[in-house]
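**Q** Heads up: the sequence lines are chains A and B, in that order. Residues in the first sequence are numbered consecutively from 1, following this note's numbering. Residues in the second sequence are numbered consecutively from 1001, following this note's numbering.
These are computed hints drawn from the structure, not numbers from a lab. In this text, all values refer to a predicted model and were calculated from it rather than measured experimentally. One thing to keep in mind: the hints can contain errors.
[Stated by the list, open to error] Below 27 Å or equal to it, Euclidean Cα-Cα: the simulated DSS-like pairs (lysine-lysine) are:
(1) K1031/B x K122/A
(2) K76/A x K1031/B
(3) K76/A x K1038/B
(4) K122/A x K76/A
[As the list claims (entries may be wrong)] Covered stretches of chain B, going by a simulated chain A footprint (3 or more residues, C-beta under 8 Å):
(5) 1002-1011
(6) 1019-1028
(7) 1071-1079
[Unchecked claim] What follows is a list of derived Cβ distance ranges for each label pair:
(8) N1028/B x R137/A: 43 to 49 Å
(9) G1016/B x G45/A: 18 to 24 Å
(10) L1004/B x D7/A: 44 to 50 Å
(11) T90/A x I1003/B: 48 to 54 Å
(12) P139/A x P1065/B: 29 to 35 Å
(13) Q33/A x S1076/B: 37 to 43 Å
(14) A1026/B x G45/A: 30 to 36 Å
A virtual CB, placed ideally from N, CA and C, is assigned to each residue, including glycine.
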Amino acid sequence: MPSVTFDTVRFGTITVDESELIDFPRGLIGFEQLRRFVILEGPEGTPLKWLQSQEEPTVAFVIADPRTFAPAYVAKVNADDLSPIELTGTDTTAVAVILSVPGDLSAATANLMGPLVFNVNKRLGAQVVVEDEQPVRHPVFSPLEHADVDTETQGG
Amino acid sequence: MLILRRRAGESIVISGHIRVEVAEIAGNQVKLVIEAPKEVPVYREEVWEQIRREMIEAAAPSGVPGEEGVTPSVSSPGEGDGGGLEVAGGEEAGRREPPPDDPEGREEQA
């Protein structure tokens, strides 16, 4: 399998198998020109992961499975909005949301209005706007958890 | 920029494959019916703009701990268990057909 080597601001130079890249055929909202990303493990003991652009070294999002902090959250999406990820009968999906982390992890908020939906089998992703009203800044860690973010959020 | 006047029931066609009809005018609200190929996303501007702004802020997170110079290992999108997702509508399901009553005018993507 051919590998791809690219620069990132946060992680230095990365080499991954081409099969490990995830293709966003429509890019992300505000970043429509960026199509290829890789998902990297986030800080240990947190449910966080990185969504690093392969094409733009400066762009890396923090993502998480929303069920790790908002168990009741369901991404209600229109089937047409999933056309870029080419779902067929046997494909499985995964949902992630993008976090804003302004200066301090305990202040992280999640964008529940524009989640990411992945076709795990074909390694395709799309950002969709949900059909119901959801916050774009949902607090990820409740105030009680601030004291020990690292242990309280395990399990993702 | 192009400015057009349309009456209720009239429509415009954009680049041959997107049709926007003024279905109804009531007070300060118009009801639009948008017919577009499914690969053309249509958003209410304030929603799109809100997400776009949030994305730009999220693109450079500053408060995430990590070891200097250590490249994390490659991960996967998630469980792949299909959970947390509810898919409705689609192609032939009358995507941009508004339900009869929606005082807030929030029906466009229904």
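**Q** Can you name, in rising order, the numbers of the hints this structure does not satisfy?
**A** 1, 5, 6, 8, 9, 12, 13 and 14
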